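We have chain A already, so just place chain B on it with the hints.
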Amino acid sequence: MMSTLLDVQNLWVKFPTRNGVFDAVRGVSFTLGRERLGIVGESGSGKSMTGRAILRLIRPPGIVEADQISLEGVDLMNLSEKDMRAVRGQRISMVMQDPKFSLNPVMTIGDQIIEAYRLHSSASKSEAYNKSLEMLEAVSIRDAERVMRAYPHEMSGGMGQRIMIAMMLIPNPEILIADEPTSALDVSVQRQVLDIMDKLVKERGMGLIFISHDLNLVADFCDRVLIMYAGRVVEVCDANKLHEAKHPYTRGLLNSLPRLDAPRDRLEVLERDPEWSEAPSVSGRI
Amino acid sequence: MSILDVSDLNVWFGKHRDRVDAVKGATFSVAKGESFGLVGESGSGKSTILRAITGLAPDWSGSIVVEGQQLTKKRPKAFFKTVQMVFQDPYASLHPRHSVDQVLGETLHLHGFKEIDSRVVKLLDDVGLGQKFRFRYPHQLSGGQRQRVAIARALAPEPDLLLLDEPTSALDVSVQAEILNLLADLRRDRGLTYVMVSHDLSVVGHMCDRLAVMKDGEIVEILDVAALRAMKATHPYSKHLLEASV
Numbered sequence: 001m002m003s004t005l006l007d008v009q010n011l012w013v014k015f016p017t018r019n020g021v022f023d024a025v026r027g028v029s030f031t032l033g034r035e036r037l038g039i040v041g042e043s044g045s046g047k048s049m050t051g052r053a054i055l056r057l058i059r060p061p062g063i064v065e066a067d068q069i070s071l072e073g074v075d076l077m078n079l080s081e082k083d084m085r086a087v088r089g090q091r092i093s094m095v096m097q098d099p100k101f102s103l104n105p106v107m108t109i110g111d112q113i114i115e116a117y118r119l120h121s122s123a124s125k126s127e128a129y130n131k132s133l134e135m136l137e138a139v140s141i142r143d144a145e146r147v148m149r150a151y152p153h154e155m156s157g158g159m160g161q162r163i164m165i166a167m168m169l170i171p172n173p174e175i176l177i178a179d180e181p182t183s184a185l186d187v188s189v190q191r192q193v194l195d196i197m198d199k200l201v202k203e204r205g206m207g208l209i210f211i212s213h214d215l216n217l218v219a220d221f222c223d224r225v226l227i228m229y230a231g232r233v234v235e236v237c238d239a240n241k242l243h244e245a246k247h248p249y250t251r252g253l254l255n256s257l258p259r260l261d262a263p264r265d266r267l268e269v270l271e272r273d274p275e276w277s278e279a280p281s282v283s284g285r286i
Numbered sequence: 287m288s289i290l291d292v293s294d295l296n297v298w299f300g301k302h303r304d305r306v307d308a309v310k311g312a313t314f315s316v317a318k319g320e321s322f323g324l325v326g327e328s329g330s331g332k333s334t335i336l337r338a339i340t341g342l343a344p345d346w347s348g349s350i351v352v353e354g355q356q357l358t359k360k361r362p363k364a365f366f367k368t369v370q371m372v373f374q375d376p377y378a379s380l381h382p383r384h385s386v387d388q389v390l391g392e393t394l395h396l397h398g399f400k401e402i403d404s405r406v407v408k409l410l411d412d413v414g415l416g417q418k419f420r421f422r423y424p425h426q427l428s429g430g431q432r433q434r435v436a437i438a439r440a441l442a443p444e445p446d447l448l449l450l451d452e453p454t455s456a457l458d459v460s461v462q463a464e465i466l467n468l469l470a471d472l473r474r475d476r477g478l479t480y481v482m483v484s485h486d487l488s489v490v491g492h493m494c495d496r497l498a499v500m501k502d503g504e505i506v507e508i509l510d511v512a513a514l515r516a517m518k519a520t521h522p523y524s525k526h527l528l529e530a531s532v
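Respectively, the protein sequence lines represent chains A and B. The numbers in this note's numbering rise by one with no breaks, and the one at position 175 of the first sequence is 175. Just add 286 to the spot in the second sequence (first one is 1) and you have this note's numbering.
Looking at chain A on its own, in the form it has when it is part of the complex (with noise of 0.2 Å):
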């Protein structure tokens, strides 16, 4: 039995609205061993919501209520805000989806990096860019002293993502979220930037929470996948038996995708079944 790094129980995201309440997130339970968990949905599924609500990064009027969320033991929704700021970045960190925004666009990524690095350690300014240096190449830029002088609006997508992803693992967390780390990416980039994640949560003996929209890539990369619709997890399954799963609404996205090796003239498209929304969450805990 591996050990449980974060268990989430019960989690709620809710939105006040003018037509009221709207629940993004609908009672998600899962637990995140040091393993590959996959969330897949589509857009508006709230998998997005389910990572930034384990960060506590959800602000008001936006509400987060959940029986526990326990990184190691330790409730973080108990946590002060002080105390949070040393979980952000440092124990659980979040590659976000679009680097555009992300980053930061008037300061260089070299001190971007060096900034995240130096708020969460005591290295010296060259410590620091060395390290700096040594990541940015750990997620395949080439020319990254160049890269390092540049600033965001230079980079084009995938080399942003892959600054964000050096960013974030070079503090050494426990945990990393990843937004849809790579659909900005192209598909032979995608595998390398999956190759260096993939390396780094298992040499660091790491969790990772891959949210994405992508079933081929999550059948592929993830130990587990949770797949989300309208808030609430529908189905949990091994991602090596990620094709014959069962609930209709996987059964339909899987079949919405094209494919190279069985030709068709016409996509399926997916029938939507209210029902799917009003079942509860299939709990995801071990």
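Hints are computed from structural coordinates only; laboratory data are not their basis. Note that the coordinates shown come from a computational prediction; the quantities given were computed from them, not determined experimentally. Among the clues, some could well be false.
[To be verified] Part of the chain B face toward chain A, derived, beta carbon under 10 Å:
hint : residue
1    : Val459
2    : Val490
3    : Gly491
4    : Leu514
[Claimed, not checked] Below, a list of computed lysine to any residue pairs in the SDA-like style, where the Cα atoms sit at most 20 Å apart:
hint : chain 1 : residue 1 : chain 2 : residue 2
5    : B       : Lys359    : B       : Gly341
6    : B       : Lys501    : A       : Arg142
7    : B       : Lys501    : A       : Asp261
8    : B       : Lys525    : A       : Asp143
9    : B       : Lys525    : A       : Gln192
10   : B       : Lys418    : B       : Lys359
11   : B       : Lys518    : A       : Asp261
12   : B       : Lys501    : A       : Ser140
13   : B       : Lys525    : A       : Arg259
[As the list claims (entries may be wrong)] Here are some, though not all, of the chain A residues that point toward chain B, as calculated from beta-carbon distances under 10 Å:
hint : residue
14   : Gly27
15   : Leu55
16   : Leu257
Each residue gets a CB set at the ideal place from its N, CA and C atoms; glycine is no exception.
Coordinates of chain B only, in the frame set by chain A:
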């Protein structure tokens, strides 16, 4: 008969020391009614080719021939009745403060159409949106609905050649299926020609008849979809790309 002939196309940005050659010596032609794909990683110049064709990339050399007409720096008005483009990000390509009606109406007006009212209704029906979306603003639409509006806008001048720049990469897979089906239907019904840029080989495999593989601004290989499905790429880079996407 080819509708689009591109030969020895070079596109660059910046000058002197900062010059970046985005496309180098690209040559391909697209037959009328065909669907042609451009694949490659980001920065390989695939979108730049589309932008050069529509006139959005000012510095280019070589020859672009559309329906027998050699293109010059300044595009004649008739050009935009032949060629239209659909952009990647439906969140960025629609004016946030223009309603769907304004977006389509203005396009029709600029192209000198009469009976704008009935044409807007028809366009919305054609892309499967219907009347009730006519007076909505982009923020009231989902990603898939926005992309349908963008497609309707491109169809407004009744073009023959549609340039599709990653039309579904910002969409969910289930919505992607709907948009790809719509594009396939439109092509069949209107006899359109597509040039489609995508990084997703399976999407290109589904939509296109032939495709060009690009790397670092150059077309390294042109192959047809049968060869793609059979994994019979010859160039090492295309092979690598194929292996990475299966």
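Results for each hint:
Checking valine 459(B) against chain A by beta carbon gives a least distance of about 5 Å; that is within 10 Å, so the hint holds. Annotation: interface hint on valine 490(B) holds; nearest CB of chain A at approximately 9 Å, less than 10 Å. With a least beta-carbon distance of about 5 Å to chain A, the hint placing glycine 491(B) at the interface is held under the 10 Å criterion. Taking 10 Å as the C-beta cut-off, the interface hint given for leucine 514(B) holds, the closest approach to chain A being about 7 Å.
Distance restraint check for lysine 359(B) and glycine 341(B): the Cα-Cα separation of roughly 8 Å lies within the 20 Å cut-off, and the hinted pair is therefore satisfied. A threshold of 20 Å between alpha carbons decides the hint, and for lysine 501(B) with arginine 142(A) the separation of about 17 Å falls inside it, so the pair holds. With a C-alpha separation of about 24 Å, the suggested pair lysine 501(B) and aspartate 261(A) falls outside the 20 Å cut-off, and the hint is violated. About 26 Å separates the Cα atoms of lysine 525(B) and aspartate 143(A), which puts this hinted pair outside 20 Å; it is violated.
Annotation: proposed proximity of lysine 525(B) to glutamine 192(A) holds, straight-line Cα distance about 16 Å (limit 20 Å). Note on lysine 418(B) and lysine 359(B): the hinted pairing is violated, with a Cα-Cα distance of about 41 Å set against a maximum of 20 Å. Using a Cα cut-off of 20 Å, the hinted pair lysine 518(B) and aspartate 261(A) holds, with the two alpha carbons roughly 13 Å apart. At most 20 Å may separate the alpha-carbon atoms for a hinted pair to count; lysine 501(B) and serine 140(A) meet this at roughly 18 Å.
This hinted pair checks out: lysine 525(B) and arginine 259(A) have alpha carbons roughly 17 Å apart, not beyond 20 Å. Annotation: interface hint on glycine 27(A) violated; nearest CB of chain B at approximately 23 Å, more than 10 Å. With a least beta-carbon distance of about 24 Å to chain B, the hint placing leucine 55(A) at the interface is violated under the 10 Å criterion. Given the 10 Å rule on beta carbons, the hint for leucine 257(A) holds: about 6 Å separates it from the nearest Cβ of chain B.
The structure shown violates the earlier hints numbered 7, 8, 10, 14 and 15.
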